[in-house]
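Asker: Now for the letters of each chain:
2 protein chains.
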Amino acid sequence: MRAATVAFAERGVAGTSLDLLAAELGVTKQTILYHFGSKSGLIEAVLARAAEDLAAELEAAVAGVEAGWPSVEAVVRASFGLAVRRPELLGVLREIARLGSPWSESALDLLQPLVDRAIVALNDGMDAGLFQSGDARLILVSAYAVVSGVVADSELLRAMGMRLDLRTAAGLRRTLLSFLGAVLAPSR
Amino acid sequence: MRAATVAFAERGVAGTSLDLLAAELGVTKQTILYHFGSKSGLIEAVLARAAEDLAAELEAAVAGVEAGWPSVEAVVRASFGLAVRRPELLGVLREIARLGSPWSESALDLLQPLVDRAIVALNDGMDAGLFQSGDARLILVSAYAVVSGVVADSELLRAMGMRLDLRTAAGLRRTLLSFLGAVLAPSR
DNA sequence: TTAGCTGTCTACCATTTGGTAAGTGACCAC
DNA sequence: GTGGTCACTTACCAAATGGTAGACAGCTAA
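As you go down the protein sequences, you meet chains Y and B in turn.
Here our numbering runs 2 ahead of the position in the first sequence, where the first position is 1.
Here our numbering runs 2 ahead of the position in the second sequence, where the first position is 1.
If you're looking for bench data, these hints aren't it; they were derived computationally from the structure.
Treat the hints with care, as some may be off.
Unchecked claim - Here are some, though not all, of the chain Y residues that point toward chain B, as calculated from beta-carbon distances under 7 Å:
| no. | residue |
| --- | --- |
| 1 | Ser106 |
| 2 | Ser150 |
| 3 | Gly151 |
| 4 | Asp155 |
Where a beta carbon is used, it is the ideal one built from N, C-alpha and C, also for glycine.
Turn these sequences into a full structure, and let the hints steer you where they fit.
Answerer: Here it is as structure tokens:
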């Protein structure tokens, strides 16, 4: 599943054949089919695991962190950490969500709780005066798109003479936090 | 080429077979091969056209617009306009760039001028005191990632109960411009 | 010892895929 | 009218793809 996750994220689902995946693992394609039944079964398992892992990582990031700006900072930090440490986690989710029915729906179901939780947190923060009022969804989707876009378009980073390493991620994190700070900071 | 661009952007290059593409067009696969020689030939043509179109659109957007913030605004407006009007333009570039050698290099060559131009414009603005100083590359890549991420992850938009329509794009544009305004506005 | 289960393999299979070869009709210059 | 080019077709083909069937070895429980 780890190999499949990486392969799906890097080469796409359609671009990953069971034969090739099996060869990478030093087994035959039939071994994969034995464990997952079909390619769809493999996709399903990979999707479920990735969503679970992502939720766990973000959950861990905000655990014990106080609501408001510190939580935002923690999530952003964790997201860019994932983008460097496990880019395939975000990549495979996007890749599977793009497959169309019924995969988009499955992915959507699995990610909905995360989205809802973030929206609620932002709105709560706004209500509590910790954040400036605004459209939480627009802010969330913009922030997510930065992380997702950076992971997905690593080729474009190269066009700018950058790599998705720790230093770049730190710079991007600072930039995104400035972005968010500007939009969320309560007017004084 | 228009059909191929849309198909590549939506289903990926590997996920688009010549047979299917031909069927959509009401011709045979051999007709496509006649005009483009091979699938690679088609990809190459689509890539070149997409890069050219993107450059032309952005060029037109900043033509006659004064340097500094108005230019930033114009580019952001044009980008989100493209994201709504012609999402396949951005999508296909990302999709082809992801194919690995030698496609990434080709795509990179074609997009490099755009990137360079944007970097120079930002740095000039900083030198002229129109913008706050900062890392132009980080700002550019972040801003690009917002647009790219929104186009690529249209499924996630749905998870938030949003569509990539004119209204949403306008909201995202305002959000991104707030982001950029906060990072670029000269300190007073 | 043996029966059964598990994980893997070899051997196939039908379909799909990118690509080649050889035509066929329409048009056009001479 | 006739030769040639252009756009497109039908008829194939070899390789790759997802998937099935059945054999085989290792392990465990009776």
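Asker: Now tell me, hint by hint, if it's right for this structure.
Answerer: So, going through the hints one by one against the coordinates:
Restraint check, Ser106 (chain Y) versus chain B: the minimum CB separation of about 5 Å is within 7 Å; hint holds. Taking 7 Å as the C-beta contact cut-off toward chain B, the hint placing Ser150 (chain Y) at the interface holds, the least distance being around 4 Å. A distance limit of 7 Å between C-beta atoms decides the matter here; for Gly151 (chain Y) the minimum to chain B is near 3 Å, and the interface restraint holds. Using the Cβ-Cβ criterion of 7 Å, the hint placing Asp155 (chain Y) at the interface with chain B is satisfied: the shortest such distance is roughly 6 Å.
The structure is consistent with each of the numbered hints, conforming to all of them.
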